[in-house]
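Chain by chain, the residues run as shown.
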Amino acid sequence: MSTTWQPVCPLDALVPDRGAAALVTGPGGEPAQVALFRLSSGDLHAVGHRDPFSGANVIARGLVGSAGEVPVVISPLHKQAFDLRSGAALDDPEVSLGTWDVRVVDGQVEVRAR
Amino acid sequence: MSKRTLAVVGAGMVAHRLVEALVERGATTEWDIEVFGEESRPPYDRVALTSFFTLRDPDELLLGDRGLWRTTGVRLHRSSPVDAIDPAAGTLTTHGRRVRYDAAVLATGSSATVPPVRGADAEGCFVYRTVDDVAELRAWVNERSGRAGGRPARGVVVGGGLLGLEAAGALTQLGAETTVVELSDRLMPLQVDAGGGEALRRLVEELEVRVLTGTASTEVVTGRNGRVKALRTDGPTLDTDVVVFATGVRPRDELARAAGLEVHERGGVLADEACRTSAEGVYVIGEAAHVAGRTWGLVGPGYAMAEVVADRLLGGDARFEGADPSTKLKLLGVDVASFGDAFGRTDGSLEVVYSDPVAGLYKKLVMSDDASELLGGVLIGDASAYTSLRPMVGRPLGVDPTAWLLPDGVEPPGSGDLPDDAVVCSCNNVAAGQIRSAVCDAGCTDLAGVKACSRAGTSCGSCVPLVKRLMDAELEAAGVTIDRGLCEHFSVTRAELYEIVRITGLTRFSEIIGRHGTGHGCDICRPVVASILASLGRGHVLDDENAALQDTNDHVMANLQKDGTYSVVPRIPGGEITPDGLIAIGEVARAFGLYTKITGGQRIDLFGARIEQLPQIWERLVDAGFESGHAYGKALRTVKSCVGSTWCRYGVQDSVGLAIALELRYRGLRSPHKIKLGVSGCARECAEARSKDIGVIASEKGWNLYVGGNGGFTPRHAQLFAEDLTTEELVRTIDRILQYYVRTADRLQRTAPWLEEVGIEHVREVVLEDSLGIGAELDAMMARHVEGYEDEWAATLRDPAKLAVFASYVNAPGTADPDLAYLEERGQRRPAGPVLVAGPSIPVGKP
Numbered sequence: 001m002s003t004t005w006q007p008v009c010p011l012d013a014l015v016p017d018r019g020a021a022a023l024v025t026g027p028g029g030e031p032a033q034v035a036l037f038r039l040s041s042g043d044l045h046a047v048g049h050r051d052p053f054s055g056a057n058v059i060a061r062g063l064v065g066s067a068g069e070v071p072v073v074i075s076p077l078h079k080q081a082f083d084l085r086s087g088a089a090l091d092d093p094e095v096s097l098g099t100w101d102v103r104v105v106d107g108q109v110e111v112r113a114r
Numbered sequence: 001m002s003k004r005t006l007a008v009v010g011a012g013m014v015a016h017r018l019v020e021a022l023v024e025r026g027a028t029t030e031w032d033i034e035v036f037g038e039e040s041r042p043p044y045d046r047v048a049l050t051s052f053f054t055l056r057d058p059d060e061l062l063l064g065d066r067g068l069w070r071t072t073g074v075r076l077h078r079s080s081p082v083d084a085i086d087p088a089a090g091t092l093t094t095h096g097r098r099v100r101y102d103a104a105v106l107a108t109g110s111s112a113t114v115p116p117v118r119g120a121d122a123e124g125c126f127v128y129r130t131v132d133d134v135a136e137l138r139a140w141v142n143e144r145s146g147r148a149g150g151r152p153a154r155g156v157v158v159g160g161g162l163l164g165l166e167a168a169g170a171l172t173q174l175g176a177e178t179t180v181v182e183l184s185d186r187l188m189p190l191q192v193d194a195g196g197g198e199a200l201r202r203l204v205e206e207l208e209v210r211v212l213t214g215t216a217s218t219e220v221v222t223g224r225n226g227r228v229k230a231l232r233t234d235g236p237t238l239d240t241d242v243v244v245f246a247t248g249v250r251p252r253d254e255l256a257r258a259a260g261l262e263v264h265e266r267g268g269v270l271a272d273e274a275c276r277t278s279a280e281g282v283y284v285i286g287e288a289a290h291v292a293g294r295t296w297g298l299v300g301p302g303y304a305m306a307e308v309v310a311d312r313l314l315g316g317d318a319r320f321e322g323a324d325p326s327t328k329l330k331l332l333g334v335d336v337a338s339f340g341d342a343f344g345r346t347d348g349s350l351e352v353v354y355s356d357p358v359a360g361l362y363k364k365l366v367m368s369d370d371a372s373e374l375l376g377g378v379l380i381g382d383a384s385a386y387t388s389l390r391p392m393v394g395r396p397l398g399v400d401p402t403a404w405l406l407p408d409g410v411e412p413p414g415s416g417d418l419p420d421d422a423v424v425c426s427c428n429n430v431a432a433g434q435i436r437s438a439v440c441d442a443g444c445t446d447l448a449g450v451k452a453c454s455r456a457g458t459s460c461g462s463c464v465p466l467v468k469r470l471m472d473a474e475l476e477a478a479g480v481t482i483d484r485g486l487c488e489h490f491s492v493t494r495a496e497l498y499e500i501v502r503i504t505g506l507t508r509f510s511e512i513i514g515r516h517g518t519g520h521g522c523d524i525c526r527p528v529v530a531s532i533l534a535s536l537g538r539g540h541v542l543d544d545e546n547a548a549l550q551d552t553n554d555h556v557m558a559n560l561q562k563d564g565t566y567s568v569v570p571r572i573p574g575g576e577i578t579p580d581g582l583i584a585i586g587e588v589a590r591a592f593g594l595y596t597k598i599t600g601g602q603r604i605d606l607f608g609a610r611i612e613q614l615p616q617i618w619e620r621l622v623d624a625g626f627e628s629g630h631a632y633g634k635a636l637r638t639v640k641s642c643v644g645s646t647w648c649r650y651g652v653q654d655s656v657g658l659a660i661a662l663e664l665r666y667r668g669l670r671s672p673h674k675i676k677l678g679v680s681g682c683a684r685e686c687a688e689a690r691s692k693d694i695g696v697i698a699s700e701k702g703w704n705l706y707v708g709g710n711g712g713f714t715p716r717h718a719q720l721f722a723e724d725l726t727t728e729e730l731v732r733t734i735d736r737i738l739q740y741y742v743r744t745a746d747r748l749q750r751t752a753p754w755l756e757e758v759g760i761e762h763v764r765e766v767v768l769e770d771s772l773g774i775g776a777e778l779d780a781m782m783a784r785h786v787e788g789y790e791d792e793w794a795a796t797l798r799d800p801a802k803l804a805v806f807a808s809y810v811n812a813p814g815t816a817d818p819d820l821a822y823l824e825e826r827g828q829r830r831p832a833g834p835v836l837v838a839g840p841s842i843p844v845g846k847p
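Here the protein sequences come in this chain order: D and Y.
UniProt numbering numbers the first residue of the first sequence as 1 and each following residue consecutively.
UniProt numbering numbers the first residue of the second sequence as 1 and each following residue consecutively.
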């Protein structure tokens, strides 16, 4: 049931190039937090909100940008960059935010655990 | 082989350099180094003696790394004058004790000479040579000022040379009405010609120092108490409380004479090019030495001799063949430089002179007979060309010499064609080639590295701009692109980007990166653009697209902590707060369960505020009259103050009032890094203003301004920028310094490294003399800032559209992060994890 699509918010609620956190349900039915990013390019990404380096739920408050061709979010705590597409930390690919499927249906953003 | 003993007689600057050179070269495996100094202090910077008045703490004058004297194999014996030396026996005597040596180095320096003037030993007569001399002079003048019943103390300096003008500067700093009496027809007769002396006189007189040249001092008149009352000359008789003799120095060669060493008839221990005296195993260095045909009264040649002896002691064959006697100084705030053949003594030499008595400028270049080669010169009033010109002595100048002299002359040629053997740093005798080699052979890539490796620029620092140009040119030639670009998205520096944004008037990040950068930006360039836009007064930090540029701290106007909550710091200008204000903050903290702590900047930090609580917390703080403290921003933080004349029995000025005025003036100013100010109400400096970017210390006559201090990882003391300013002058000076810093500094560059890079002299010229003609523009920018300021928290609360950023979750805006957990410690709550894995636990209370 938790791997079904979960509606989160209207697309308009997401400010371009800024993140937003959402409370959702994880794949095992547990509470989970997701960080949504709507880029100015139009791409939409959903990754875990928890910073794996510090354990704090802050990723949605990081700045977005690019490293070469890679779209990234930068943790606001200690500035590690993560690939928004894979969730992996650029300097330590073993560490990942985790990613969620994301889509827009009738102007509503929906996420689904992978 | 057992170690040999080296005795160094004297512990001045040159002795210090000798020991430093020996230790660096590993000589302590062969030699035990015993240094005997008569003063109670370790070696200090005698050249900077006058700064003793502004330093207050003589220890700041100490040379080099104090660790040198803790090196195994090195011993410094303070307060241990050497009374005799016996070269035949290889022993010396100090405090009646005989010390055996295998080699000895005389570094006894010189002493101030007192001319044969009757009464010159009266109470109130001084010389100007050691820290103790200066301290006694200060005590005497302060005591006389106190007794004179309101009138300033009066002082006379006998001697108008370099040392005399230094002493005159010292007396004026002490508030004494000062007269300089010089026997010769001009000031600084050894360094400058008649024209230069005249320009110098005018500049010095402008500083209210009276100058009598061509005047012989004949007698010190004393009062009934035996103290100085007046100085009689062959001109007027001068009433005075103090006489300072600065008529010259004499090499201290008494020890050598008594030991039968050969000395020159006019003083100085005779030595060959290896600095060896006539006695086996005894060397002489510094001002005590007569070597290469003369004595040398400057520290640069002394250092060169120290290096020669260090090399010889280690079996080398270095030779001292003379040194560059060029000097550049600032005396009484006046630039004076003299280099090469300053008097045009070379046969057929030509002089090119530029003189502007109104502006107080005198510049002369001495050229070879065909006007192609530079032989020397004198610069008075503006010596900025000195650094570039001095290494060119003996070489073709390349351009028309007048270009160097006119105030708006051509841009001086670069350093690229400077020959390898041209001496760039004359204090430490470092040639251009050595600086190039520090880059291409030793691999130094920054100024600090080049300075450490070559020693260039480590003494007086006047050559640092040239060293930097040489380093940059060499790096570039080596194919190292000196990437000063901001980040991968912008190849320009922060200062360049600031200019671009200022001139183009762009206000949107997408336009700026689209036209002047690449990609989508990052955590470096986005906040920089936001800060530049804010510095230029282009709108609220949360407006439009630019909201996506702010790091979370600036975005939510609070400081992110390790658990994802924030801390809140209301502004408390000058650290002054009413009881009601304290209660209001306390009530907010209690209502929201915030941990409270007093900050170093005299305000209160409230920790543990969740993002969605920030607007409610600020609603109450704004209601109670508080505004944002900008603790989250690269911006003005605090103006720390002591209580000053408001309450303190020592305070001489209203430091709290000034601190509050300054804090209210600069609050909200965005800058390349945080800015902190401090104001102390007297010289006791309880506000620790000298550890701030801008420090203000009250003087009897106004305010002294210091720039470039900071605490943190690399603590720095601020440097004296200007003295005795009125409040109005002070504010305008700070306005311009801050605006110029905001405009030109690099990202995250605090004022100390900025000042080192651009040079404090340069900033003084820009700010005090408006050398770039941008003074009015800087003033206008600050006026615009002051006028345009509004509290960004109050503005945010007024605009419901801005409150969306404080939603904790887009689908549950007021819900607390369920993962936050707290535990209680010392009566307050703190984050429960992550816990300290290992660490000390310090028991308190009962044993």
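Among the clues, some could well be false.
[To be verified] Here are the simulated DSBU-like pairs of lysine-lysine, each with C-alpha atoms no more than 30 Å apart in a straight line:
| hint | chain 1 | residue 1 | chain 2 | residue 2 |
| --- | --- | --- | --- | --- |
| 1 | Y | K674 | D | K79 |
| 2 | D | K79 | Y | K562 |
| 3 | Y | K328 | Y | K562 |
| 4 | Y | K328 | Y | K229 |
The hints are simulated quantities; they were obtained by calculation from the structure and are not laboratory data.
This structure is a prediction, so every number in the text was calculated from the model and none was measured.
Hints and how they fare:
1. Y:K674 <-> D:K79: Cα-Cα ~19 Å, so holds.
2. D:K79 <-> Y:K562: Holds. K79 (chain D) to K562 (chain Y) sits at ~13 Å (cutoff 30 Å).
3. Y:K328 <-> Y:K562: 52 Å, violated
4. Y:K328 <-> Y:K229: 35 Å, violated
Checked against the numbered hints above, the structure breaks hints 3, 4 and satisfies the rest.
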